[in-house]
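J.: Heads up: the protein sequence lines correspond to chains D and C, in order.
For the first sequence, my numbering gives the first residue as 1, with consecutive numbering after it.
For the second sequence, my numbering gives the first residue as 1, with consecutive numbering after it.
As the list makes no split between identical chains, a pair holds if one copy fits it or if it spans any two.
Here are the simulated DMTMM-like cross-link-like pairs (lysine to aspartate or glutamate), alpha carbons at most 20 Å apart as the crow flies:
#1 249 <-> 267
#2 149 <-> 189
#3 72 <-> 189
#4 186 <-> 68
#5 186 <-> 73
#6 186 <-> 147
#7 270 <-> 250
Treat the hints as calculated values from the structure; they're not laboratory data.
This structure is a prediction, so every number in the text was calculated from the model and none was measured.
Number of protein chains: 2
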Amino acid sequence: MKIIIDAFGGDNAPIDVIKGCLLALEAYSDIELFLSGNEKILKEVAAENNIDISKIKIIDAKDIISVDEDPKEIRRSKNSSSMAVGMKALRSGVGDAFVSAGSTGALVVGSSVLVGRIHGIKRAALAPVLRTKNGCFMILDAGANLDCKPEMFVQFGIMGSVYAKRVLEINNPRIGLANVGTESSKGTESHRYGYKLLSNCKSINFIGNIEARDIFFGKCDVIVCDGLSGNMMLKTAEGTAKFLISTLKEIFTSSVFTKFSALILKDQIKKVKKTVDYREYGGAMLLGVSKPIIKAHGSSDANAFKNAINQARICVKQNIIGEMSKNIAEWMGG
Amino acid sequence: MKIIIDAFGGDNAPIDVIKGCLLALEAYSDIELFLSGNEKILKEVAAENNIDISKIKIIDAKDIISVDEDPKEIRRSKNSSSMAVGMKALRSGVGDAFVSAGSTGALVVGSSVLVGRIHGIKRAALAPVLRTKNGCFMILDAGANLDCKPEMFVQFGIMGSVYAKRVLEINNPRIGLANVGTESSKGTESHRYGYKLLSNCKSINFIGNIEARDIFFGKCDVIVCDGLSGNMMLKTAEGTAKFLISTLKEIFTSSVFTKFSALILKDQIKKVKKTVDYREYGGAMLLGVSKPIIKAHGSSDANAFKNAINQARICVKQNIIGEMSKNIAEWMGG
Numbered sequence: 001m002k003i004i005i006d007a008f009g010g011d012n013a014p015i016d017v018i019k020g021c022l023l024a025l026e027a028y029s030d031i032e033l034f035l036s037g038n039e040k041i042l043k044e045v046a047a048e049n050n051i052d053i054s055k056i057k058i059i060d061a062k063d064i065i066s067v068d069e070d071p072k073e074i075r076r077s078k079n080s081s082s083m084a085v086g087m088k089a090l091r092s093g094v095g096d097a098f099v100s101a102g103s104t105g106a107l108v109v110g111s112s113v114l115v116g117r118i119h120g121i122k123r124a125a126l127a128p129v130l131r132t133k134n135g136c137f138m139i140l141d142a143g144a145n146l147d148c149k150p151e152m153f154v155q156f157g158i159m160g161s162v163y164a165k166r167v168l169e170i171n172n173p174r175i176g177l178a179n180v181g182t183e184s185s186k187g188t189e190s191h192r193y194g195y196k197l198l199s200n201c202k203s204i205n206f207i208g209n210i211e212a213r214d215i216f217f218g219k220c221d222v223i224v225c226d227g228l229s230g231n232m233m234l235k236t237a238e239g240t241a242k243f244l245i246s247t248l249k250e251i252f253t254s255s256v257f258t259k260f261s262a263l264i265l266k267d268q269i270k271k272v273k274k275t276v277d278y279r280e281y282g283g284a285m286l287l288g289v290s291k292p293i294i295k296a297h298g299s300s301d302a303n304a305f306k307n308a309i310n311q312a313r314i315c316v317k318q319n320i321i322g323e324m325s326k327n328i329a330e331w332m333g334g
Numbered sequence: 001m002k003i004i005i006d007a008f009g010g011d012n013a014p015i016d017v018i019k020g021c022l023l024a025l026e027a028y029s030d031i032e033l034f035l036s037g038n039e040k041i042l043k044e045v046a047a048e049n050n051i052d053i054s055k056i057k058i059i060d061a062k063d064i065i066s067v068d069e070d071p072k073e074i075r076r077s078k079n080s081s082s083m084a085v086g087m088k089a090l091r092s093g094v095g096d097a098f099v100s101a102g103s104t105g106a107l108v109v110g111s112s113v114l115v116g117r118i119h120g121i122k123r124a125a126l127a128p129v130l131r132t133k134n135g136c137f138m139i140l141d142a143g144a145n146l147d148c149k150p151e152m153f154v155q156f157g158i159m160g161s162v163y164a165k166r167v168l169e170i171n172n173p174r175i176g177l178a179n180v181g182t183e184s185s186k187g188t189e190s191h192r193y194g195y196k197l198l199s200n201c202k203s204i205n206f207i208g209n210i211e212a213r214d215i216f217f218g219k220c221d222v223i224v225c226d227g228l229s230g231n232m233m234l235k236t237a238e239g240t241a242k243f244l245i246s247t248l249k250e251i252f253t254s255s256v257f258t259k260f261s262a263l264i265l266k267d268q269i270k271k272v273k274k275t276v277d278y279r280e281y282g283g284a285m286l287l288g289v290s291k292p293i294i295k296a297h298g299s300s301d302a303n304a305f306k307n308a309i310n311q312a313r314i315c316v317k318q319n320i321i322g323e324m325s326k327n328i329a330e331w332m333g334g
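Produce the complete structure using the sequences and hints provided.
T.: The following block contains the structure:
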C-alpha cells in the first residue's frame with residue numbers, strides 16, 4: 001500500500017519526517033512511501049545528513065503552510081504547499097493514506113475541500129486517542145466542529161466505533177455522549193435529541209451519557225461530543241495535569257528529605273505524566289474523510305512519525321473507510 | 001444583617017447546618033441567623049445532641065427537596081420545602097442573603113422564580129471559585145445556562161468583576177473569555193461577538209480569550225463562558241486530578257522503596273490534592289439574583305457551613321448586589 005507523508009509538517013521537519021519514513025520502511029515490508037515537499041530541499045537535507053532516500057518517492061511541492069496561517073489559505077494562496085499537494089495526490093489515487101504533523105486547521109479544511117468526505121458525512125471530526133490506566137479512549141470531535149447537529153453525534157459514534165474495533169482492537173466498543181449529567185434528560189436540545197438518535201443506531205453499542213469527570217476512568221471507549229466540549233475537555237485535562245505535576249515538582253524539591261524521596265520516585269512520576277499526555281498515543285485520526293488521514297503531533301520525532309505511518313497502514317489494511325461508509329449508508333437507509 | 005440557611009440541604013443536614021450556624025454566631029457578631037426547615041425535627045435534633053439553638057430563629061418548612069428530584073418541582077410540589085420557604089423569606093425581606101447545600105438545579109430554578117433577578121440580567125450564573133498555586137479564579141457560568149447569548153458573557157463579566165474585587169479582594173480583576181484559541185477570531189459566532197462586546201465594556205478589565213489548558217496558571221481572575229464549557233472544564237479538572245492522584249497512590253505503594261518515599265511525601269501530596277479541589281474554596285455564588293445566594297457544597301461539614309455563612313455576610317457587607325446592579329444598568333444605558 002502507498003502512504004503519503006507531508007515532509008514539511010511539524011517542528012522537526014523535514015529531517016525527522018525523513019528518518020521516520022526510513023524507520024517505517026524497515027519495520028513494515030508492505031508499504032511504499034511518498035514524501036510531499038520541495039524536492040530540492042529534501043535531497044539537500046538527505047545529502048547533508050548522509051541519508052539515502054532513494055527508496056522514498058518525492059511528490060514535489062514548492063511551498064509550506066505554517067501553523068500561524070489562516071487554514072482557509074490551503075485552498076487559495078497555499079494550494080501548492082506540501083500539505084495541499086499531498087492531499088491532492090491522495091485524492092487522485094497516488095496514495096491510500098496521508099500523514100501530516102502540520103497545521104490542524106489547514107488539515108481539517110484541506111481534508112474536506114481537497115480530499116472529500118465519506119458519502120453522507122456532514123463534517124470530518126478530529127479524533128485523538130487518550131490513555132487511561134489500563135487502556136485508552138477516543139474523543140471525537142476534539143475541535144474541528146464547534147457547533148454540532150445531533151445527527152453528527154451519531155455519525156461520530158459510527159465512525160469512532162469502527163476505528164476502536166479495527167485499530168484499537170476493542171471488542172464491542174462502548175460509545176458515550178459527553179454531557180453535563182448521566183440522565184437522558186440532561187444537556188441542550190442537541191444532546192437530548194442526539195441521545196435518542198444514538199440509542200436507535202443499530203451498529204453501535206451506545207451506553208448513554210458520560211460526564212467529563214469520568215472520562216479517564218474507563219467507562220467508555222469512544223466519547224462523542226461537539227468540538228467545543230471536546231476542546232474544553234482535552235485542554236483542561238492537559239492543563240490540569242501540567243499544573244499538578246509542576247506543583248508536585250515544587251513540593252518535592254522543597255527540602256532535603258522530600259528531594260531524596262522524589263529522586264526515588266522520579267521515574268514513576270514520569271510514568272504518571274505520560275499517562276495523561278494524549279500526544280503519546282499516536283496521531284489523531286481525521287474521521288469522515290474518504291481516505292485515512294492521520295494528524296501527527298506537531299512535536300513528533302522520527303519514532304512518532306514511524307508510529308503515525310503504521311497507524312495509517314493499519315487503517316488501510318483494516319479497510320476502516322469501507323466499513324464506516326457501509327455503516328453510515330445503512331444508518332441513513334434505516 | 002440577617003442570613004437565612006436551608007437547614008435540610010446537603011449530606012450532613014441538619015446537624016452540621018446547626019453546628020455551622022453556631023460556629024458562625026460565635027465568630028461574627030454582626031449577624032442574625034434563620035434556619036428554614038421543619039421546626040419539630042430541628043428542635044428534636046438539637047435536643048438529642050444537647051445543642052442550644054435558642055439564638056437561631058426558625059422559619060418552619062414542612063418538606064425537603066432532594067437532589068434527585070426535578071429542580072422545577074421547587075415551584076410546584078416542593079413549594080413548601082426548606083429551600084423554597086427559605087428563598088421566599090429572602091424575597092419578602094426576612095433575610096439579606098441565603099445559604100443552601102441542597103440541589104444546585106433547584107437553587108438555580110428557585111432563585112429566578114422565587115427570588116428574582118437583578119434588573120436587566122437574563123439568567124443567573126453559577127460561579128465557583130477554584131484555587132491555583134498562588135491564588136484563585138472564578139468560573140461563570142459553571143453549568144446553570146448551557147447555551148449563552150453573547151450579551152450574557154458581558155453580564156457575567158460585570159458581575160464576576162464586582163465579586164472578585166469585593167469578596168476575593170483582587171484589585172482590577174482580569175476577565176477572560178474561555179475559548180478554543182486566544183485570537184479574537186476564534187470560536188463560535190457567539191464567542192466572536194461576545195469578545196467584541198466584552199472589549200467595549202468600560203467597567204471591566206477584559207484581557208481577551210483564554211484556553212482551557214491555561215485556566216490554572218493565573219492568567220486571569222474571572223473566566224467567562226457558557227455553562228456547557230464551564231461544566232466541561234470543571235468536571236474534567238476534577239476527574240483529571242482524581243485520576244492522577246489515584247495513579248500516584250498506586251505507584252507509591254508498588255514497592256517498599258516507593259512506599260517509604262511516599263510516606264515522607266504524604267502531607268505534601270494531600271496539599272496538591274487540595275489545590276485542585278474547588279470544593280475547598282467556599283461555596284459557589286449564584287450571580288445575577290437580586291439578593292446574595294451561596295450554594296455550599298453538598299458534602300459541607302459544620303466548618304464549611306460557617307465559611308459559607310461568612311461568604312454571604314461579606315457579600316451583604318460589601319453591597320455587591322448594589323454595585324452589580326449599578327454597573328449592569330450603566331452597561332445597558334451605554
